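2 protein chains.
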Amino acid sequence: MKLPEKTVERLSEYRRTLLNCLANGKTHIYSHELAGLHNITAVQVRRDLMLIGYSSMKKKGYDAQELISVIGKLLDCEDGLNVGVVGMGNLGRAVTAYFNGKRPKLNIVAAFDVDPNKTNRVIAGVNCYHFKDLADVVKKSNIEIAIIASPPSTASMVAEQLVNAGIKGILNFTTIPITVPDNVYLEEYDMITFMEKVAYFVKQNSMK
Amino acid sequence: MKLPEKTVERLSEYRRTLLNCLANGKTHIYSHELAGLHNITAVQVRRDLMLIGYSSMKKKGYDAQELISVIGKLLDCEDGLNVGVVGMGNLGRAVTAYFNGKRPKLNIVAAFDVDPNKTNRVIAGVNCYHFKDLADVVKKSNIEIAIIASPPSTASMVAEQLVNAGIKGILNFTTIPITVPDNVYLEEYDMITFMEKVAYFVKQNSMK
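So the protein lines, in turn, are chains A and B. Per this note's numbering, the first sequence starts with residue 4, numbered consecutively. Per this note's numbering, the second sequence starts with residue 4, numbered consecutively.
One chain only, chain A, in its complex shape:
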């Protein structure tokens, strides 16, 4: 069964919240609490969990640990997935530092750049290779997912090289949309869009 994109997003968000709950000593949570924390309805939460075959809310709510494990079985790859980052400027470094260690089944194992000051060094805890060695490193380190954090003008070229190197999923952080073959999963993630969305609704609210 392939879940809808939005459901996958929400499951990932539920898990994040459940992990925070556990970290704060809270072992159970009600659907309406989970809903409140995500600004959605309790019906939506229950529908998502029903979709993944989980409906055992007890008197004291969902068992956080159990639900984390159910979501993990769906979202995670049992053997883990390796990730590479292309471009180790501010953004690439921030993403790497932000990401690593947060999810045991998903690890940034290599970085790529063309700047000789960055290559052949460890940056943000990760080996940084020259971009010309992409195909070799992808193969050697079994990298299946790539993050593009290089200058926008390079995005299309980088995407093409990634696809040629056998990358199966791309998260594009640049402001340039890219295209990839159907067998590669692409997620475009432009911060400006989110900022413009906030700005639009702030404007709308102020006109009320």
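Treat the hints as calculated values from the structure; they're not laboratory data. Keep in mind the model is a prediction, meaning the values are calculated, not measured. Honestly, I wouldn't trust all of these hints.
Any copy will do: because identical chains look the same in the list, a pair fits if it lies in one copy or spans two.
The list that follows gives simulated cross-link-like pairs (lysine-lysine, DSSO-like), each with its CA atoms no further than 30 Å apart [said to hold, decoys possible]:
1) 135 with 206
2) 143 with 206
3) 105 with 121
4) 206 with 5
5) 62 with 9
6) 76 with 5
7) 108 with 206
8) 105 with 9
9) 76 with 63
10) 206 with 9
11) 105 with 206
12) 206 with 142
Position chain B against the provided structure of chain A, taking the given hints into account.
Just chain B now, kept in the frame of chain A:
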């Protein structure tokens, strides 16, 4: 008229693409071209543009300059909106550097941190103030939108202070969901969710 969230997202993305087209000397674009660049259908593009009262695709396609201006009138605030960033670690710096200069009507005008090595300095082109001066600076600099890029454990406290200071829209980059009053627009933007989404669909594709 208040547009649906997803339409606002797509309009922002169309504008980004149209700006890139113009920069590359392309003055007109067909709905199917725009659709292809965004991995959606041409029907969706035309529906979005109809919704904003724009339907003048000529023989040679939409006039990029004209469409940019129509979208701008809808999305942008005429006088511009000022943005503040809380937390000037890797992420705050990356976001500021990434963002500033990209949109004339939306500017990061101040940053906030508690680290004395960062306060009272210019970082990534922006004055960094101590977080305790938040309310004063927000008022003085007429800041309406805030980006939270501080450590996750501080997110709720930061959000509360932002709301108290009169902030109208928040973009939360931390991994902790926050809650705000109804009159404040909140967008949660957790990179891990996007990565997990890519990982999930890579896994699904590999099982085909």
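Handout entry: Hints violated by the structure (numbers, ascending)
Key = As far as the earlier hints go, not one is violated by this structure.
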